[in-house]
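A.B. asks: In case you want the letters, here they are:
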Amino acid sequence: MRPKGYTSGDDSGRMTVEGTLCMHCGACVGTCPMNSIFLYETFLSFDEKCTQCGMCVRVCAVGAIDYPQGHRLSRRR
Amino acid sequence: MEYDVVVVGAGPAGSLTARYAAEGGATVLMIEKRQEIGSPVRCGEGIARHFLEECNIPYDRRWVAIEVKGAKVISPGGKVFKIDERHAGNEVGIVVERDMFDKTLAKHAAKAGAEIWVKTTAFGLLKENGKVTGVRVGRLSENMDIKAKVIVGADGYESQVGRWAGIKTILKAEDVTATLQYRLTNIQPDEDFPNYCEFLLGSIAPGGYIWVFPKDECTANVGIGLSLDRLKEPNEIRGYLDRWIAKEPRMKKAQMLDMVTGAVSTCAPIDETVRDGVALVGDAARLVDPITGGGIGNGCRAGKILGEVLGEAARTGDWSLNQLMKYERGWRAILEEGLYRNWMAKNKLVTLTDEEFDLIIGTLAEVGVEKLSIHRILKVIKERHPQLVEKFLDLI
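Residue numbers (our numbering), protein chains in the order written: chain A, 167 to 243; chain B, 34 to 429.
Derived by calculation from the structure, the hints in this document are not laboratory data.
Each statement offered as a hint is correct.
List time: in silico EDC-like cross-link candidates among lysine to aspartate or glutamate, alpha-carbon distance up to 20 angstroms: (1) 152/B <-> 207/A; (2) 144/B <-> 86/B; (3) 286/B <-> 249/B; (4) 201/B <-> 304/B; (5) 136/B <-> 207/A; (6) 286/B <-> 224/B.
Using the sequences and the hints given, assemble the complete structure.
C.D. replies: Take a look at the structure:
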């Protein structure tokens with residue numbers, strides 16, 4: 167269903183998506199081994215199945231996906 | 034609301050399925066999540082000619098960017114192996130305008146009687162006693178359940194339909210190729226540009242390759258595919274492509290017209306592509322060639338088979354899993370062996386060093402190979418450099 171409360175760069179609690187970088191290509195969606203990511207037209211959301219394995223972070227060519235703030239692998243300061 | 038068939042995704046595989054199913058007598062709805070079919074383009078845009086005729090796709094200048102003479106395979110040390118387009122495999126011959134190509138195929142589907150909705154996202158499958166009986170969609174502001182005899186997952190690399198149906202489409206990192214492409218213009222032509230599709234191999238693109246597919250006399254799709262298991266850092270892929278472009282004299286003054294990201298599967302054929310009430314086709318069915326990363330030809334060919342099977346189901350009233358298995362067997366008969374062989378070969382190719390690529394491509398350039406098949410190439414290499422083919426012996 168349509169995710170609620172999304173703004174660019176919003177924190178899903180599991181992974182963060184920088185909405186202004188995302189190209190909506192679906193590379194992360196197809197790569198996710200848990201099927202945790204859903205692309206609603208141009209709107210990316212993670213659900214509770216996410217294990218923070220990081221495959222989506224590596225497959226994204228524009229660096230739109232990051233670990234949440236405070237996570238040891240987060241690039242956000 | 035009820036249809037015989039709902040096709041999720043209006044790419045080439047979806048449109049071919051919709052067209053042939055509708056032509057065969059099925060009531061068909063094809064949905065597309067984006068507001069425009071074919072756009073944004075997420076593709077290198079190289080296709081072969083041979084499948085067009087097979088799938089009854091009439092040549093139309095409106096979706097042709099340029100026709101090339103063949104392929105150039107270029108080793109890290111600059112050895113060049115040129116091959117005529119007729120023998121270059123599945124992704125060389127025509128460089129298309131994918132947005133126009135996809136719209137043309139959707140028009141064919143519409144003409145055959147298929148209904149098409151854009152800006153319509155699939156949210157999940159409806160199931161009764163383990164059988165898929167429909168799909169829940171959001172169309173603009175409206176959510177609705179649509180009943181169907183068969184839901185077709187033509188929803189691309191990021192396919193949800195297969196996963197919802199319980200079909201194993203999950204990929205290992207080594208079978209995922211992450212991609213980035215720029216459309217560059219103001220490229221300085223050389224003696225062969227824009228007459229060849231170029232494939233550049235070696236450590237410039239670990240576990241993948243860089244491609245230059247010309248669009249016109251000074252414009253090309255310049256892209257890179259890298260195996261996901263070689264990528265450690267975010268944004269690494271861009272570094273690889275930018276470093277290569279920076280060193281390429283022809284592209285010194287080149288400027289970007291667009292940018293494309295994405296991923297393709299480079300896996301072995303998956304175990305099943307149908308379940309009761311559901312079928313996968315195209316990239317969603319993991320039909321992409323594991324060596325080239327090309328999926329249009331295979332997607333169209335499989336789409337035609339699936340559409341014909343669904344049309345037959347409409348005429349006979351047999352929508353059973355047994356009937357759908359005709360599609361499963363049909364695509365495997367024409368594609369499975371090649372996909373499996375190329376997956377095996379890919380697993381060897383990703384282990385080659387730059388020196389080995391130089392030797393192999395240098396040898397091919399000297400000897401000349403009339404047909405670009407793995408088997409033929411290995412035979413040639415074996416004659417000249419037996420030590421090199423040791424890695425590949427099980428493929429010969």
